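Protein chains in written order, with our numbering: chain A, 1 to 519; chain B, 1 to 494.
Quick caveat, the hints were computed from the structure, so don't treat them as lab data.
Here are some chain A residues the structure puts well away from chain B; computed CB gaps all over 12 angstroms:
| no. | residue |
| --- | --- |
| 1 | His58 |
| 2 | Val148 |
| 3 | Cys366 |
The list that follows gives simulated cross-link-like pairs (lysine to any residue, SDA-like), each with its CA atoms no further than 20 angstroms apart:
| no. | chain 1 | residue 1 | chain 2 | residue 2 |
| --- | --- | --- | --- | --- |
| 4 | B | Lys163 | A | Leu440 |
| 5 | A | Lys27 | A | Leu102 |
| 6 | B | Lys32 | A | Arg470 |
| 7 | B | Lys32 | A | Asp472 |
| 8 | B | Lys369 | B | Arg380 |
| 9 | B | Lys32 | A | Phe471 |
| 10 | B | Lys32 | A | Ser379 |
| 11 | B | Lys163 | A | Phe371 |
| 12 | A | Lys105 | A | Ile25 |
| 13 | B | Lys210 | B | Phe73 |
| 14 | B | Lys32 | A | Pro382 |
| 15 | A | Lys28 | A | Val17 |
| 16 | B | Lys163 | A | Asn372 |
| 17 | A | Lys192 | A | Gly209 |
The model shown is predicted, which means the values in this text are computed figures rather than measured ones.
Glycine is no exception: its CB is placed at the ideal position from the N, C-alpha and C atoms.
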Amino acid sequence: MSDSIVWIVLFPLFGAVACALGGAISKKICYPVSVLSMVATVWVSVDTLFQAIESPIHEISYILGGWSLDLFPRGVGIEFRADLLGALIALVVTGVGLIVALYSKVPVQRETPGKEPMYYGLFLLQISGLAGIALTGDAFNLYVLIEVAALTGYGLIALGTNRAAAATFNYIILGTIGASFYLLGVGYLYLKTGTLNMVGIREVIEAHGLFDSPAMQVAFVLVLLGILIKMAFFPFHAWLPNAYCHAPTTTSCLLAPLVTKVMIYVMIRMVLTVFGVEFSFESTWWTEFLPWLVVVAIVCAAVMALAQREIKRMLAYLIVAEVGYMVGGVWIYNYYGLIGSVFHIISDACMTLCLFLGAGIILEKCKTTHFNGLRGLFSKMPLTMIGFFIGGFSIIGLPPTCGFFSKWYLITGGMVSERWEYMITLMFSTMVMVVLFFRLIERIHLAVDESGKNLGKGHGDLGLTKQQTRFDEAPLSMLIPLLLAASVVLLVGVYNQEVVDQIEVFLQPFNLPTGVKYE
Amino acid sequence: MNDPVIVEDIRPLIALLAPWAGMIGIIWAGEKRANLREMFTFIAASVQAAVVLSLVPIILSGAVVEFHIWQIFSQVPMLLRVDGPGLLFACVASVLWIATTLYAVGYMRGLHEHAQTRFYSFFALSLSATMGVAFSANLLTIYFFYEMLSVSTFPLVTHMQDKQARTGGRTYLGYLLFTSLCLLLPALSWCYVWLDGGNMTMDFMADVGKVGHFGETTQIVLLFLFTFGFAKAGLMPAHSWLPGAMVAPTPVSALLHAVAVVKVGVFCVYRVYADVFGPEVLARMGGEEWAMVIASATIIISSLIALSQDNLKRRLAFSTIGQLGYIVLGAAIATDRGQGGAVLHIAMHACGKITLFFCAGAIFVASGKKYVSELRGIGRKMPLTMGAFMIGSLSVIGLPPLGGFISKWYLALGALDRDAMWVVIVLLISSLLNVFYLLPVAVTAFFRTPETEKDSALKEAPWPCVVPLLLTALGCFLLFFWSDTLLQMVGLQP
Numbered sequence: 001m002s003d004s005i006v007w008i009v010l011f012p013l014f015g016a017v018a019c020a021l022g023g024a025i026s027k028k029i030c031y032p033v034s035v036l037s038m039v040a041t042v043w044v045s046v047d048t049l050f051q052a053i054e055s056p057i058h059e060i061s062y063i064l065g066g067w068s069l070d071l072f073p074r075g076v077g078i079e080f081r082a083d084l085l086g087a088l089i090a091l092v093v094t095g096v097g098l099i100v101a102l103y104s105k106v107p108v109q110r111e112t113p114g115k116e117p118m119y120y121g122l123f124l125l126q127i128s129g130l131a132g133i134a135l136t137g138d139a140f141n142l143y144v145l146i147e148v149a150a151l152t153g154y155g156l157i158a159l160g161t162n163r164a165a166a167a168t169f170n171y172i173i174l175g176t177i178g179a180s181f182y183l184l185g186v187g188y189l190y191l192k193t194g195t196l197n198m199v200g201i202r203e204v205i206e207a208h209g210l211f212d213s214p215a216m217q218v219a220f221v222l223v224l225l226g227i228l229i230k231m232a233f234f235p236f237h238a239w240l241p242n243a244y245c246h247a248p249t250t251t252s253c254l255l256a257p258l259v260t261k262v263m264i265y266v267m268i269r270m271v272l273t274v275f276g277v278e279f280s281f282e283s284t285w286w287t288e289f290l291p292w293l294v295v296v297a298i299v300c301a302a303v304m305a306l307a308q309r310e311i312k313r314m315l316a317y318l319i320v321a322e323v324g325y326m327v328g329g330v331w332i333y334n335y336y337g338l339i340g341s342v343f344h345i346i347s348d349a350c351m352t353l354c355l356f357l358g359a360g361i362i363l364e365k366c367k368t369t370h371f372n373g374l375r376g377l378f379s380k381m382p383l384t385m386i387g388f389f390i391g392g393f394s395i396i397g398l399p400p401t402c403g404f405f406s407k408w409y410l411i412t413g414g415m416v417s418e419r420w421e422y423m424i425t426l427m428f429s430t431m432v433m434v435v436l437f438f439r440l441i442e443r444i445h446l447a448v449d450e451s452g453k454n455l456g457k458g459h460g461d462l463g464l465t466k467q468q469t470r471f472d473e474a475p476l477s478m479l480i481p482l483l484l485a486a487s488v489v490l491l492v493g494v495y496n497q498e499v500v501d502q503i504e505v506f507l508q509p510f511n512l513p514t515g516v517k518y519e
Numbered sequence: 001m002n003d004p005v006i007v008e009d010i011r012p013l014i015a016l017l018a019p020w021a022g023m024i025g026i027i028w029a030g031e032k033r034a035n036l037r038e039m040f041t042f043i044a045a046s047v048q049a050a051v052v053l054s055l056v057p058i059i060l061s062g063a064v065v066e067f068h069i070w071q072i073f074s075q076v077p078m079l080l081r082v083d084g085p086g087l088l089f090a091c092v093a094s095v096l097w098i099a100t101t102l103y104a105v106g107y108m109r110g111l112h113e114h115a116q117t118r119f120y121s122f123f124a125l126s127l128s129a130t131m132g133v134a135f136s137a138n139l140l141t142i143y144f145f146y147e148m149l150s151v152s153t154f155p156l157v158t159h160m161q162d163k164q165a166r167t168g169g170r171t172y173l174g175y176l177l178f179t180s181l182c183l184l185l186p187a188l189s190w191c192y193v194w195l196d197g198g199n200m201t202m203d204f205m206a207d208v209g210k211v212g213h214f215g216e217t218t219q220i221v222l223l224f225l226f227t228f229g230f231a232k233a234g235l236m237p238a239h240s241w242l243p244g245a246m247v248a249p250t251p252v253s254a255l256l257h258a259v260a261v262v263k264v265g266v267f268c269v270y271r272v273y274a275d276v277f278g279p280e281v282l283a284r285m286g287g288e289e290w291a292m293v294i295a296s297a298t299i300i301i302s303s304l305i306a307l308s309q310d311n312l313k314r315r316l317a318f319s320t321i322g323q324l325g326y327i328v329l330g331a332a333i334a335t336d337r338g339q340g341g342a343v344l345h346i347a348m349h350a351c352g353k354i355t356l357f358f359c360a361g362a363i364f365v366a367s368g369k370k371y372v373s374e375l376r377g378i379g380r381k382m383p384l385t386m387g388a389f390m391i392g393s394l395s396v397i398g399l400p401p402l403g404g405f406i407s408k409w410y411l412a413l414g415a416l417d418r419d420a421m422w423v424v425i426v427l428l429i430s431s432l433l434n435v436f437y438l439l440p441v442a443v444t445a446f447f448r449t450p451e452t453e454k455d456s457a458l459k460e461a462p463w464p465c466v467v468p469l470l471l472t473a474l475g476c477f478l479l480f481f482w483s484d485t486l487l488q489m490v491g492l493q494p
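Chain B with its partners taken away, still in its complex shape (with noise of 0.2 angstroms):
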């Protein structure tokens, strides 16, 4: 592989500052200038978009962008990088963070929530963390805006500030600090130590497979170290912190639990078994056949798990369990087209996923309910809402012409490239449980009768919860017919 042209550039770093920057403002307009805060979430999430976007073309053209923050240690620096499947991810997020600020407004505002000025302020601090994960070039970088990403997001899961909250954010903390510091950090330590004689960068582009100069045990060690140290990736057993962070405001839960902070997990699982490892290791080295049948378990676990939820937020919060486990099932598969369909679910399950919490947010804006059994007939109510559901279940269920259809395509072939036969049925079979958890909330909502007459009065939420979720639905139509400029940013087409 030829080593692409470095571009210098800062403006990975202003997007990571944009939030912070953000920040400041939200906390000085305060309670009582909420529209002038608001505004500043608004300005901080467009600069950011804007930023990040701009870095497209050169990304595109086939250089990298880098950034030097700051030394950490002799040999590691603090190094951002913008490559593609980075730049993809950046992407999703940022422009879903435009799109969530309107929601959040409109949900916010809608529920008289208190304390939103410290809910957007992290709502910021977190989404400048997601930029860092996006952005970073080597392992040690990637931890730390790992670790600021799951501090920040305590108070936004902890926001009710009750009970529930409290046992949710226990239980968040508990699995996201102890796996990270009991599993990743040794992980990490090992690797810079014990590789290069002391001189190991840790660096993703450069150090490719020096895992490989490992004993064969050892690497298997390392790769699981790894895989549950991320536990925001959501595998098996490390998933429950998951549903348990639901107590979250939906705008959270649909942003961070469905965006940013899982995506993050995947993303960073990604970035290990692809850039740390590299395919050419994982192929031989005999652990990723046992990280493959354990992200099919949890793909296949979770979704009958969702079967049996009737709570629409932990039902979608399993499906994404499911759906995070295709993504390190892709990263695992380590072929080209596994892993650059890993990515591009990324992107195609942000969209889908996205959308499924605006609308379950959307319904409790309006009627206060919470759970599946009780939508019957709510769909004649709220048509955009549940239309926008049906477009994004079947974006999930993976159907054309709607994004999740190109990722799953590609998880096939990449599959099929190294005669991993059974992973295609696994994705089949996960397909149908998709379809089967999915579809019959939006079949109630639009053909079962309602039950009682008291909800003649319904009516759609306020127009800033609607406005995102149609945009989110169309834009799991756009990613589809614009899948070629996607495929470039991955790597699958020249």
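Just chain A, same shape as in the assembly (with noise of 0.2 angstroms):
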């Protein structure tokens, strides 16, 4: 299909409609259907990274509306770029938006009774919204799908529990000011470069040499303010923890592996394709601080997570101080931080989407993800917990799961751009989550209580009924979306050279610092 990458946007667009109309008549209906206008989502989608990696130039290109991209400055209307990183993250979007909608059949039914159409509709919307931002080639449209992506989240956060509408209003007031934030940015663009699309500010910017232009530099300030707030890069992040602790577990397994991933690539989308890779780096002389400011918010996030004793929590600060890694990424400025950066949004996504869906089931069958709540889970829900931990092994970094490949490139990056600091803040958050998820399994397997005392008295004594230890597995439509996923996180791993080489063919037009010395 030539036009298959605007269908990636359509499909779920449709789907949210027919879902709202079509629930008004049958509730049964929701769940299928969305699963189906994912199943098709994904697979245009699949279709779109296939052609850009086909195309001679690695990209391909839709104008909506058919207007002239040949002026110079070019004009204002929506186009669609699918160039190899787009067409990727767009991929991974609707990859987990098909896993969580498989996952959805049993939770949404408990937790949201009733209410399915208006869920699914936001769902699909939700989707949509993402697989957008990834897809556009225009720094206004990317506002509105930043918009569509937030309300729809919101909505879908404010179905949770009792505390979820606090929790809302806060991810309202943070997720507007980030957005206007973006919004105000660029309208210093318009007005400096004359036109939207983002490939055009590029050409202006280098045709009229706008290096030096304070209304450019105040453009960029704002545009990264604006995202760094939406991706809940710390001392921004304080929306994030509670949204998705209380939102609805699908909720949580949507947003937490997709919104704060999105906006990284936003970032790197402004940081490149917009403003270019001389006007960020070399015009600005102080993001060269920027990784100092990502040790701060690694090293916070890390000891936040530290003090959660509940998985949800704890996940929800994890992010955090993976939004750290990968901003770090992009900011050490080399050729091997900013694949380990797009790699570490690929990998990021598919494990705390491992992580979030095991949670769910956790939360399903034991009523609770407090940490007291999971003693000799091992015997009751044995795949459950493989999967799971397959996602914390990953996000700990061993191989060869696809976390180990990720924090490879970044280590890398670090060591060339010869950022000690940002490379130290890495290996202190790896022993910091080889804590957090051996105390995990400490509790599991060990059967210690929350107090810090053992229960087990040895021998398999660990103090616990037979009721507590009896295999009671996750229904099927929850375990088979997890294992998928957990599958995912080792295949990503093993064939992370694919992932890579599409990577790396994205970004050898800019021209990075390799930092190789010995030839």
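Build the complex from these two chains, which are given one at a time in their own frames, with help from the hints.
Spelled out as structure tokens, the structure:
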């Protein structure tokens, strides 16, 4: 299909309408409709990715409304562009969407009974917005899609437990501030360059030598600030833990892997495609200090993750730390760091998905995600635990999960740029992750209780009742998506080179420093 | 050096996957069909040993066997390669796995241990990882299997699931993961990016000595990142995890902490010294002297600590730390005979030390005794066990006609090759210390009269416990008489 790129956004959009309207007739159709539309979406995004790989310039473009790109500066109109980066991210978004859609059957019925049409409508719109962010080639259109994703996100979170409303309100305030900053920045860009097309903006910057223009600098700061708030970069992270913790299970499974990661993508897009490497790294003296901010961000988030006693909250703070990884990977400014950042978007989406799916199952079966409720779960739900801990090992960065490879590139990047502070922070946070996950293993395997005491008396006596350790696995509609996600984590790790090859093709034209010393 | 003939063969992969297949069988059979389950372990172990042993003639003819699994990075494949030292290590580990399985059956059933299915499954997994390390052809592959071993042995170390197990498990993982993630990983990516214009394959055969292109300081820093990064080698001060891990059931201590885990550590260090730095670079860099000093200090200090330990398993654990020091020392000597002696010592010490651990476990099964001071007169009740203990001790001390003698001999020769007389003195002192902390155990058992009369009902442990330890004691003799083949494998004899 030559226009498959548009269908990535349209399939979920139509699916959302079908759910909302059809749901009025029968609530039962919502689940199959959304799964079907996600299958179709994944299909077209795979198709788009292969089209982009096969195309000679490694990107495909679709002009909505058939306006002309030939002017200078480029005119105003919406263009969908899928270069290798955009197509990869779109595939990640839709793939995660499909797995979560499959998973949603039981939790949505239990947590939001009677509201399925509304829920699935918002769910599909969310995916439509996020996939659109990855594909659009227009800076203002990007804002619109960010708002689509954000507004539906507010709705999805607010459907959660009692405290979800307050968390959503918090999120709305911060999200709106972030989006406003971004919009303001785009306004400056339009004033100065006369175009909103991403490539068009860079053409003007380079043609007119706008590298030192104060207006452009202001635009850059505003855009960057907006994105950093949206991606929950520390200290703008306050909205995230509560929002993801109190949201319905399916919502946190969908939002946690995607929203922050897609915003990292937007940052990379702005840095590389819109402002250009020369502007972003060479004409702005202060970006050199961003890795130090990253250090603070990762350390604080990791320490706060340590303080949590509930799986979902702990994972939420982990996301904040991972955001720090990726932001750092961009601003240490070299080839390997950027490969690491992009690859970490993909792998972090996979492993966060895995962990949240696992946490959702634990919540479903044990009615709590507090550490106290975890004892003896290895015997109760062995498959769920295997899936969950594959995600955990990936966060730690044990080979051959995908987390190892993204960390490998990030560490390498830090080393090549000689940003030792960033590298050491990565090590530190890796050790924190080891503590976090092996503490969970201790709670589960050794039946350590909240006060830190061991209940086990050795020889298999864990101080647990028969009921607590009886084999009682999650329903298949939840288990299969989890195992699917876990195998994706392993497969992306094993075949990392195939993914990295595409990222390298994308990064080649930008001439980033590689820092190789020995010939 | 001529490039050896390379033979493509799937057998290394089979040796790697046999434990996985065994594990599936073990889980399928489960707790209710214990005999069937143990049979799967035996089948997996035998298949693995048979496959590994069938590779011996190929290696002895001077060829190496390779198998390409998949491409990790564009330049770095996941590649299995069987060469002399690797095969020697693999032979030791897989043959001893059979003995340990037999022993484990006796031990675990004798003590009515819980969760034996989990125990045998993870045991199989860790053997798979050990094979992977032995057959790795480059640094990244070896790192993968090294990490896999750390994680798959954690459930074994914490098998008892009580407070002690938790402390032991924490120390174990804390040390191993901290060193491998924070020291080893940077060292690996350092080599990867900055060598050869980013085209580094990290291969043990093709890229030996490329590290020599770095500056002197960088080389030394790298050497130590690697040496301490492989903390399984138990070099001081990164050794404390080993005594902590002694909370595990004895078969685990025996196989993993005298054979697989610690030997994987020293084998990795050997690989780095011999096949990443290479003897030439190592001999001219200046940092290897430090490594030798640290290894010697480890040998002496740990032997002194062992002297003061009353808990038999702890005493053996510190003895292991000292013996591992020999291997690191031999690798750092950077002469052919020194490095060959190091590899030989992996085999010789494995056979001797596993006998000692088996005996410690057998004593525990038969009498519940853990401390050396409780063993008075026990030798008269358990003559086979304590006789084997005597043989194991003598082999570890290094007396002919036992295996331990050969490797110590070559270590000393290697040291003399580079005029390092002090190393020979260290070896002598440490052998004396070995005598002091090992022989009293057997002597107490045979010649002191028992304190109480209640031990009169004591008899040998069940036969599955006793047979393996007799076999490994016999192995100590055989290794001495078959040392020609071993020497040929490590390239010390044509």
